[in-house]
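First to last, the protein sequences are chains A and B.
All letters in the first sequence, in the order written, are residues 1 to 283 by the numbering used here.
All letters in the second sequence, in the order written, are residues 284 to 576 by the numbering used here.
The set of hints was computed from the structure by calculation and includes no laboratory data.
We put the beta carbon where it would ideally sit given N, CA and C, even for glycine.
Just so you know, nobody snuck in bad clues.
Residues from chain B shown here face chain A by an in silico Cβ test under 8 Å; the list is partial:
no.: 1; residue: 362
no.: 2; residue: 365
no.: 3; residue: 366
no.: 4; residue: 370
no.: 5; residue: 374
no.: 6; residue: 494
no.: 7; residue: 497
no.: 8; residue: 498
no.: 9; residue: 501
no.: 10; residue: 508
no.: 11; residue: 530
no.: 12; residue: 535
no.: 13; residue: 537
no.: 14; residue: 538
no.: 15; residue: 541
no.: 16; residue: 546
If you want the footprint, here are the derived chain A segments under chain B, 3+ residues with CB under 8 Å:
no.: 17; region: 89-96
no.: 18; region: 101-108
no.: 19; region: 197-211
no.: 20; region: 220-233
no.: 21; region: 236-246
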Amino acid sequence: MRTCLESLQGYGLRALGRQYGENLLPRGLDITLCDQIFLIGSGLIWNIYFAAIAIGIGFGLATGVALAKFSQNRWINRPASAFVFIFRGSPLFIQFFFFYALFILLPRTGLEIPLGFTTLTVNTSALTTAQVGGLVVLVLNTTAYSAELFYGALRSIPKGDLEAADAYGLSGFTKFRRVVFPSMLRLAWPSYTNEAIFLTHSTTLVFLSAFPARQQSGEAFYYARYFVDQTFNPFVAYPIVAAYFVALTLAIIGIFALANLRLNRHLPRERRQRLRFRPQYIR
Amino acid sequence: MFSFCTDPSSLPQWQWFACYLTSATHLNFYHAFGVVLLLLAITAPAALAMGMAGALALRSRIPPLNWLGKGYVNIVRGVPDIVFFLFVPIALGQGIEWVLHQINCPDWDQPIRQGNDFIVCRDAKMPPVNSPRWVYDVYGFFMAVIAFALVFGAFVANTLYGAMRAVPQAQVETAEAYGMTQRQAFRRIILPQMWVYALPGLSNIWQILTKATPLLFLLGIQDIVYWARELGGQKTSLFTYPHPDWRVWYFLVLLCFYLTLTWASERAFARLNDKLSRGQATAAGERQRKAGS
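If we strip away everything but chain B, and leave its shape as in the complex, we get (with noise of 0.2 Å):
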């Protein structure tokens, strides 16, 4: 990085350390507290898009869909998650090669299932063979964002579900009084008033996704987890950059950033809340009213 890097082991303390901080892998490790600030990015409105999926379902006076919400919100939040970060992807995996296998070659006469082994034929492999490694990177990051966002979407959609029935009957019947249907009232009345009720569910639920994060490591990413333990372990003297054991450093970085980011998106929320109290027929709402006139 700096024209003084040539030779690391004939700098004084302040240079080699403003070296060692910015050399290749370092930067690769910077990078990664950006994939995990971008699977936040797309995660939450994946997730939110999908418990307003649910909460629908669960709302839902079709029998089939209301029972496929309930069995979506049910299953999802009786098992540990944890389970599902690891089964998602890889069943996931399985079941896009699959459908690739019995499209591109239908005349492949061996079983898939060979004892415990799990064969597609070369056309189906997902993704394609010989692919540049972004391509792997791209795909595996999905996978993780697919399963976030199914894990975290039936906790968002039990939340819904429940604001969506807080907004106080008077409001709804009212509309329905004034001649809309009930399709408008959901539209116009509902869905407008259920996020103040919404709000300390859905902020619950972002510190959990926040502080999940650092399981994309268990799904062979390379985020910040595996970069602190790659960089702080031990390097020898085969490394350009050899130091003692500073993985207790790096991670109390790691550490350091979630708390950060914890409690900022906690003052976030109040803020947010605040904003959305206003005028609302609630205990905050009556005592911004009273307050502010």
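Pulled out of the complex, with its shape left as it was, chain A reads as follows (with noise of 0.2 Å):
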């Protein structure tokens, strides 16, 4: 049997694949639950890693979806609302197998684009892995369910603010980076915190659809699923990581709050936007 302090040398990072702990993972009798707690803890880099990344690109991207939804011309806002529909309407974890079967189509050598004056080659082999075409879903999705919200904000900017900018003389992007940005994010916010933690939970469906996982190397929830199937008993691995995930779910919310703190800074204290944690996590 390891100690707890080999098990934390050998799985503390294996999640980042075999260089960087114990070749194999430990089997049948001899999972210890020092094993379990580091190895499902690892397993965590990479939900980390999905949601920072998903979110931070997907928020710009939102933005545009957004505003191009909220446009008046049909051509800009049709194809937003469809976007927005295809990726909110169906399951994320349709979309990963789609995608992955996708990709997988992609030629190995890579995607030629003619410019005229050379040929550009553009790398798809690595869509084929998780780190990679995993997270271009998971930033589509976040992308469509954030622009969704932040649409529903742009509708409910309070028209003072509107006319208050007008009469300023504020107009085109001035206007947009002192007043609609702003409003916009602080209405949002609250309902972005949850869009946030639904992310983050939703990195588990990464490995349990289509993506492969290279070297045994997955995240949190792949792991425990595979001590669930190791040693057939639910009641260590599960709570493992569903602490896991609440720990995590916490420390978003905190974040999140002191962005919400700082988007409400001007406003007299009750009519600041509270944050509210509505759960519905499936997507």
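These two chains come separately, so use the hints to put the complex back together.
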């Protein structure tokens, strides 16, 4: 039997790949409680990676899509609405399968884009890995969900704010940057916090669905399932992963609450938006 | 299926597809869509019933019942429910086997948990050993239904509880002024009126429930995801109908299926909302009154 320290050394970073710990995962009767705690904990690296990058990129894209959906030009708002409908109307689980099947159809040597004077070769082989391909799906998904939130917020920006901006002679991008964007963000923030939490929870689906885990380096829930398959005892691994996710959720709520404080700093205390946690996980 | 399907290798294009799409495995695939709809049809009322029980427990003035409701709703809502989907069927299965074990094999002397293994006697196996295959299928399916109902019941309970509190207090007071007991007021005033307040939340939960159905695949049920993977994968010449990797088309079909499902239910809920708003003391009801008369 391993001691806890050996477990930490062997499995603390095992989620990153074989180079960072034991070659093989523990099996059968060899599994100790510390193994489960540390290996599942190391899987969280991937959950945080997927969530942080998807939210980071998705935030920028969602702002664009929300503005496009809000636009009065039907050539702009129709495609944006369709994008939002497709990604919000279908299960993320199926999206993973679909995009994985799509990505493996891309030529392995890379996609060649003729630009006239030169040919650009786009390397597509990375898209079949979860680290890139799965991330693309998560980004598209969170973009659609957050775009819907931002769109709702854009529609409910107080009329007075916009009139005041006009009165001060703000227009175009300045008006957007100084008035529209901060108000939109402030109004959408409580629901956006929930969106960030759901996205973090959805990262558990990356390896469960289509994307393969190379060298058995997966995320937290992948390992929890591995342990349950090995031991046929769901009463240890699942509570561990649940506890980790509760901690992760609390951390996200904390970070977003700080941002919320800053977004609302100009308002009198009673008009501030409160953060509320409304869980609805499956997407 | 068709008479010309005897030798697939010598068929023209459209006949080949006609035969391919009606082969025995494809019929299983079409049945799987029925399984998904069946799951939705069973789970939705089950979750609603579970949610109603939860909401009543949340409203209850008896402390243990109230605590039970609060505990149920908060625990289920606080943990990623994919954990629940995988945890509940296994835990429940082991629980049932444990109970049967206590009843059927009282003279069993070994411990049930040996290291990591869960061992019960032969008579306590569930479903019984040597049952036909469909018994296993039905058993697995109902485990999934219970898991879904348990998880979504918690969400429904929260929504219904909020909706019951959203019914204007003045109406309840009026009912009591007319001499109704609390129970009568609940049944005649709150219960019929709360639906319009609950509907947005319920439609949300329904959408999430629809989108959770592919998780059946994780529970080892041969649902549409399973068949899409099987049928779309590359077939070698061993099969009667060899074809290249068509998974992307199969999953496109699933994607469209779910999009239609969510789109249709969105429209259905909009109409239902219109109907329920009629005569209600809400903004939508008021608008209908002005437009109608």
